[in-house]
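For reference, the chains in residue letters:
2 protein chains.
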Amino acid sequence: MSTIDDLCRYRRETALLAATEALLGWDERTYLPPAAGEYRAEQMTLLAGMIHRRETDPRLGDWLGELAADSSMADPRSDTATIVRELKREYDKKVKLPQALVEELTRTSVLGQQAWVAARARNDFASFAPLLEKMVRLKREEADALGYAECRYDALLDSYEPGALTSQVTRVLSALRDQLVPLVAAIRDSGRQGDRELLSRRYPLAAQQEFGRRIAAAIGFSFERGRLDVTAHPFCTELGPHDVRITTRYDERHFPGAFFGVLHEAGHGLYEQGLRADQYGLPTGMHVSLGIHESQSRLWENLVGRSRAFWRYCYPLARAAFPEALSDVAEKDFFFAINDVRPSLIRVEADEATYNLHILIRFELEQALVEEELSVADLPSAWTEKYRHTLGLTPPNDADGVLQDIHWSAGLFGYFATYSLGNLYASQFFETADRELGGLAAQFERGDFNPLRNWLIERIHSQGRRFSAAELVQQVTGQPLSHVPLMRHLQGKFGELYGLSPANGARAAGG
Amino acid sequence: MSTIDDLCRYRRETALLAATEALLGWDERTYLPPAAGEYRAEQMTLLAGMIHRRETDPRLGDWLGELAADSSMADPRSDTATIVRELKREYDKKVKLPQALVEELTRTSVLGQQAWVAARARNDFASFAPLLEKMVRLKREEADALGYAECRYDALLDSYEPGALTSQVTRVLSALRDQLVPLVAAIRDSGRQGDRELLSRRYPLAAQQEFGRRIAAAIGFSFERGRLDVTAHPFCTELGPHDVRITTRYDERHFPGAFFGVLHEAGHGLYEQGLRADQYGLPTGMHVSLGIHESQSRLWENLVGRSRAFWRYCYPLARAAFPEALSDVAEKDFFFAINDVRPSLIRVEADEATYNLHILIRFELEQALVEEELSVADLPSAWTEKYRHTLGLTPPNDADGVLQDIHWSAGLFGYFATYSLGNLYASQFFETADRELGGLAAQFERGDFNPLRNWLIERIHSQGRRFSAAELVQQVTGQPLSHVPLMRHLQGKFGELYGLSPANGARAAGG
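Protein chains in written order, with the working numbering: chain A, 1 to 511; chain B, 1001 to 1511.
Hints in this document: simulated from the structure, not taken from any laboratory.
Simulated coverage check for chain A against chain B, where a stretch passes if three residues somewhere in it have a Cβ under 8 angstroms from a Cβ of chain B:
hint	stretch
1	221-227
2	230-242
A few chain B positions that, by computed beta-carbon distances, are all more than 10 angstroms from chain A:
hint	residue
3	Pro1058
4	Asp1062
5	Arg1077
6	Arg1085
7	Asp1092
8	Glu1141
9	Asn1339
Note that CB positions come from ideal geometry on N, CA and C, so glycine has one too.
With the hints as constraints, model all of the structure from the sequences given.
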């Protein structure tokens, strides 16, 4: 046996355990009996410990060290080089973290999430503040242990978007904001509004379930290799090379929730189903980054699922599925309703345009916390000020303000940025696909999503971690990441919907 | 830390892994996507290997040896003594089996089941015979490796019914047969029949699901600590101290299948839910034997669920749930239909009375195979001869004859007996409970199953493996195992239904 074979076999066994832990987690969120939570937590802790020991085993370090020095690494895009480079990157990160810090982070995350739930329910930020302070302190320690190129926040960002630098992300997101804020203002001043009431008519649950499954299958999600179940908080998880499970939740009085939720999670699922199954558990068969993962969900949810061409195909099906709600509704009114832009206080309810402003606020605030430019005590007022300034809205309380997201309580600093990166990547990929595939709209209108899906598999999914996110964008689109494709998409769609003149659009874009 | 603490901690960790493996299995049979089977098998093999290594770890042998010699073992009914004795018994068995034999048995079982499926579909016993021959040879080797008191078959029986001897089981089952055959003949000659057509009217699936859940909850199955799902082959599995999952299958045109299936599996489930949760994974919190487990399912399915008193309570509910099928059906006719006795060829479709005759046939044939008194080549004709002699029916082919059960192909020799032992234990326990609780019928008529359930928890479930099956029967009922309570139950119920005179009954019983 050669060292690379040893390494791959070892890693595949780790993946078998990780997929087993993922099943424990999926089951916990779907079908676990109410009283069984405590024992399930013990099972997951045991598996997590076994996996962690395998991932930090010195044998692994020895193999990786030996292989990294090997000549077979000459081509950095080869499977072997990709496997060794990416496993070594992960290993080197993992062994830098002292065991005591890892355990303290885990404990604080559990306590932090509990405190956050209670604080949010009682609108009581002060009761959550001490744990958040501790978490911020631990995340700084984590960043210092990991090391970084330019700033502490880089180290945290790197956990979700490997190789990304805060300075680069800031540059793109700032350019995005500079054009987005005036676009949202122009929309507000247009005097037009979509009729959202159409979406809160009665959409029977059984019909929603069937419709969601049908459309997920239509865009290519394989139910031979996956499932769709119901959970309070939708997610996508992969439990093996041919086992991708997505979830959604249904509300009879809110059509877009489940429907775009299914498209979003199916987008994640298509990425997982498009990875090389024979490389399962190896970097050659793994997603690049959270941002790239999110790009696939946002692409199907927004670029496809909220496009006019998609509804040209889909609206007759929707009308047949929901006659009571839609028989008297024109396609263009439905289309406007699902694309209505309106500044709001809650991120997860935000529309396609304002969503990124919610992210920008969090991205800036968490950087300031980590870089010691903002204290936890001052966080609520900083939050309020940013919402007032950016979205023109003042949160009535902390529960609907700074306490609305679970992320910080769980120690997920550096995570929010990947949501907007996903939107940016998605638009840039989509523009390229549209050009190379000769116009996607005509294909969508006849319900043909195969060319786009196959293009994504070939260009993105099947690449695994051969490229970093930044390299992949350059490789696939011929350009570095930019705010321009996303803004072109938003200005085009909303300019038309809200009757903004191209001049207005240009002025607005100039800001 | 004392040695007993080390032992219990070690064992609890093994149980965490075993419960995880059980989840992998449950998911495989309920929700696994079609294409994911191969990877799931790899996961289960990995976990099974880890568990096997832990169970045969020499450290475990050292601890058990040390503890078995300890003075705290003086009281054989103490928790400590129970834990050490039962773990040592399992350990000593496991380490007696050569690794090569274990692997050969596993491989032959997988191949055997595949061959059995194909052979049954094509009604081709000859194609299955070579693998069955190999399996019988391996089971003899297994018996020789394990050792036995009186005959080889003892060693196999012991895997499912620890401590049981073939000679004892034969004595009880033969006495049962001697009274059962004339009872079945008297029923056949009575000229009466239940109207089974009532049970194949339309029973809508959704109503069956709700009704099954309702009755399972009524007899005490906790959905806080369990679930009911749908599978092709119903089963009960426990995934943790508060996580017992049962399954059933629904057929719109066959009411008893799902309904008595749910009662049967809920009976198994009540046993699991009645074990001491704080002793989970230890012999003090485990079921005694397969026979005792089966006694709990048969008790709820037959002694309760097919009793007149139960339907006094349940029939109005059934009529409300299935108005289309039952509005014109009298309770007594429905009761007769679900209790109709009729000799048949297929074990799993057999009624309460003839079921045990199917088991007797298998019990005798598999003994003869293991003891080298019957060759595999002669098995089909021996099967046919026994069915003709015992049930008065001749199988039209091997698919509905000797090939109908999966057990032998999977190496489950010694297993069938536990089904009839379950029926015997159930009747003997039930008689005692009825006496001690002052008449259960009146309680059932008003839908009160708590006294019986609590009695079972106290006398049986909470005892764990403190007693062997034989000891438990003696302890709970004051008598050794006997065919008399089961025959008293069958003669009482069917004597009344089929109008057999007590004299007839006595003559029949005398045989």
